[in-house]
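Student: Read off the chains here:
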Amino acid sequence: MVNVLTTALATSHIEFYSGWALLGILFLIGLAFGIGNVVLSHTLGPARKGLVKDSTYESGVDPLGSTRERFNVRFYLVAMIFLVFDVEVLFIIPWLYVFNNQRHPWVVLPLGALFASILIFTLILLVAYVYAWGKGVFQWD
Amino acid sequence: MNIPLNHLCPEIIMIVAACIVALLGAAKSDSVRRSAQWISLISLILAFIAGWRIGTVDAGPAWPLASFCTYDTLLASGVGILLVLLSWDMPFALDPAKSDQTFRGEYFAMMLVSLAGVSMMAKVDNLIWLFIALELVSIPTYIMVATGRGNPAAQEAGIKYFFLGSLSAAIYLFGFSYLYGFCGSTDFSKIAGAFAGSSQVPYVAIIGLLMVIIGIAYKIAAVPLHYYAPDVYQGTATPVTAFLSFAPKAAGFIALILVFNLTGWKLSHGAARAVPDLLMVMAVLSMTIGNVLALLQRNIKRMLAYSSISHSGYMLVGLAVGPLLLSHSTTNGISAMLFYLGAYSIMTVGAFAVLVYLQGKLDAAEDLDDIAGIASEHPLAAACMAVCMLSLIGMPFTVGFLGKLFIVQAAFSSGHGVLAVIVMINAAIAAAYYLSIITSMYLRDPWTPFSVRRPGTIQFSAAIAAALVILLGLFPSVLMSMSQYSGSEVTKMVAMDHSHGAALIKTASTLSADKNVEMRLAVRAH
Numbered sequence: 605m606v607n608v609l610t611t612a613l614a615t616s617h618i619e620f621y622s623g624w625a626l627l628g629i630l631f632l633i634g635l636a637f638g639i640g641n642v643v644l645s646h647t648l649g650p651a652r653k654g655l656v657k658d659s660t661y662e663s664g665v666d667p668l669g670s671t672r673e674r675f676n677v678r679f680y681l682v683a684m685i686f687l688v689f690d691v692e693v694l695f696i697i698p699w700l701y702v703f704n705n706q707r708h709p710w711v712v713l714p715l716g717a718l719f720a721s722i723l724i725f726t727l728i729l730l731v732a733y734v735y736a737w738g739k740g741v742f743q744w745d
Numbered sequence: 015m016n017i018p019l020n021h022l023c024p025e026i027i028m029i030v031a032a033c034i035v036a037l038l039g040a041a042k043s044d045s046v047r048r049s050a051q052w053i054s055l056i057s058l059i060l061a062f063i064a065g066w067r068i069g070t071v072d073a074g075p076a077w078p079l080a081s082f083c084t085y086d087t088l089l090a091s092g093v094g095i096l097l098v099l100l101s102w103d104m105p106f107a108l109d110p111a112k113s114d115q116t117f118r119g120e121y122f123a124m125m126l127v128s129l130a131g132v133s134m135m136a137k138v139d140n141l142i143w144l145f146i147a148l149e150l151v152s153i154p155t156y157i158m159v160a161t162g163r164g165n166p167a168a169q170e171a172g173i174k175y176f177f178l179g180s181l182s183a184a185i186y187l188f189g190f191s192y193l194y195g196f197c198g199s200t201d202f203s204k205i206a207g208a209f210a211g212s213s214q215v216p217y218v219a220i221i222g223l224l225m226v227i228i229g230i231a232y233k234i235a236a237v238p239l240h241y242y243a244p245d246v247y248q249g250t251a252t253p254v255t256a257f258l259s260f261a262p263k264a265a266g267f268i269a270l271i272l273v274f275n276l277t278g279w280k281l282s283h284g285a286a287r288a289v290p291d292l293l294m295v296m297a298v299l300s301m302t303i304g305n306v307l308a309l310l311q312r313n314i315k316r317m318l319a320y321s322s323i324s325h326s327g328y329m330l331v332g333l334a335v336g337p338l339l340l341s342h343s344t345t346n347g348i349s350a351m352l353f354y355l356g357a358y359s360i361m362t363v364g365a366f367a368v369l370v371y372l373q374g375k376l377d378a379a380e381d382l383d384d385i386a387g388i389a390s391e392h393p394l395a396a397a398c399m400a401v402c403m404l405s406l407i408g409m410p411f412t413v414g415f416l417g418k419l420f421i422v423q424a425a426f427s428s429g430h431g432v433l434a435v436i437v438m439i440n441a442a443i444a445a446a447y448y449l450s451i452i453t454s455m456y457l458r459d460p461w462t463p464f465s466v467r468r469p470g471t472i473q474f475s476a477a478i479a480a481a482l483v484i485l486l487g488l489f490p491s492v493l494m495s496m497s498q499y500s501g502s503e504v505t506k507m508v509a510m511d512h513s514h515g516a517a518l519i520k521t522a523s524t525l526s527a528d529k530n531v532e533m534r535l536a537v538r539a540h
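Chains A and B, in that order, give the protein sequences. The working numbering numbers the first residue of the first sequence as 605 and each following residue consecutively. The working numbering numbers the first residue of the second sequence as 15 and each following residue consecutively.
Incorrect hints may have been included.
[To be verified] Lysine to any residue pairs mimicking SDA-like chemistry, simulated, CA-CA at most 20 Å apart: (1) B:K42 - A:W737; (2) B:K42 - A:N705; (3) A:K739 - A:F679; (4) A:K653 - A:V643; (5) B:K204 - A:P709.
For the record, the hints were derived by calculation from the structure and aren't laboratory data.
Please model the complete structure; the sequences and the hints are all you need to start from.
Tutor: Below you can see the structure in the form of structure tokens.
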């Protein structure tokens, strides 16, 4: 679809801006994702009302008041699990770039070894995830 | 890392075992979690065997630091076995009813990861790898210090250790950035080439080296970054103290050797003279401050912390006089330092094992009063402690004597007679507080009722360590030839014959007398 769009744009009279078409599409996807999520959670999600639910950052911290308060330690635990996936993405994207570009000077391993290395990496991250699961990090009670 | 994957076999074994042990730590039942110690022990034995086998296989010129790496791996896994044995029922639960809520799996997983870092240290060939290996050693120890025992002192020790450790990591990373700025690469071979190409070491590289030394001084607990050591050693559980006196120290010294190896060891002229001068000042201050302050302590863990500072000083002497000698390999300071590192690890771990075995007021014996008169009830434990203490003093027929002998010999024959005399004076000062432990055990009446810790492995590790102290003191040829080959390999003074070089351990273990080793080395040097 993207190719069709770009070629369509490239042949049109706004040729000069065709390079920006991808950015525009990204913007549209972002907009649709944001609006879609709000609409979907509004229509599909259970509707509960209450003082806490109506506040900003529902179920989170108090938006008004002293900032020098102690946070529940669960926030940190979830943040650290978030880091597991963050690091995963951080490494997988450059890996993909190298994997997809075999004549790149960084490529020192054969294709199979390159694939095996990322599998091992994901496996190690999976160990961290399973460990956190076993320790009950995802139970909020 | 530019070495074949099978040479990383010991580290891979340890990391895989660490993953398994960590997963077991999340298990609900305590009986499952109790397998953590066994898995750790078996994996370390396998890593030791793998390291030994790799050391005896000829790697050729492709792996110029083969015996240095092998020595490091054998040290990490061998002392690691003793450390696992002595922390068998870790972490201590102060309340026995809550013993099923301990972090047993986590503790052993962290230990294995840290030991893998120590073992990997000698194999790095890039500043980034060096940093990762150093942090792989350090970060697990921050967790071990804090979770080792559930009291506020351990939490305080953990916080102190963590923040100062991060500070030191920042300092040596800053130093690495100067080294990178000097030659535009983090690759060891490129940095070494840049040092070899410059007739005068430029200031930017000297600043980098000085910052690396200061940052790593924290890991080895040398003056001026020694302040944390007594508090942290005292605050945390005794098995963790034993671990701290080995893992960061070994890693730090090996990192320092690697960094100096980059410079081609030509730091004795011009402004670069500042680097060995700094090392010498640090060595003298560490020895003297460590020993004098240890005299004032009544808490044995605190005393051993100061003793650890002073032993870092002795090893820094070896590093400072370094490879200044070109003739004979026994007097190579680096070899002497590596020998001392192995000797010190064994004797200090043995001393801590005895403290863990004797259960004191908190979790292990701490005060001089706690061990008063134990010789009558527990003669074996007292004997092990006495052997380790005599070795720490440097009495003949122990491995500690040979360690000090080689250091002094290296200092003398490189023309640093003053340093050698300071080492000997300090050894005499140190005798006072080590002997006070022995007199407390043998000559005093019991002060408090004794109880001993149940697992037999703790006693076993103390006995192994004490036996090794004596055996290696009488038959040092294995440890000696390994440290000599490693030292001469790193300093590139003895032109290594690569067709035989890597197979050194095989030949070393078959050599019976030290004389033989010396003769072979002398022959090879010509």
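Student: If a hint holds in the structure, say so; if it doesn't, say that too.
Tutor: Here is what the structure says about each hint:
Annotation: proposed proximity of K42 (chain B) to W737 (chain A) holds, straight-line Cα distance about 12 Å (limit 20 Å). A threshold of 20 Å between alpha carbons decides the hint, and for K42 (chain B) with N705 (chain A) the separation of about 46 Å lies outside it, so the pair is violated. A distance of roughly 15 Å separates the Cα atoms of K739 (chain A) and F679 (chain A); the hinted pair therefore holds under the 20 Å criterion. For the proposed pair K653 (chain A) and V643 (chain A), the alpha carbon gap of about 17 Å is at most 20 Å, so the pair holds.
Under the criterion of a C-alpha separation no larger than 20 Å, the hint pairing K204 (chain B) with P709 (chain A) is consistent with the structure, at around 18 Å.
Consistency note: the structure conflicts with earlier hint 2 alone.
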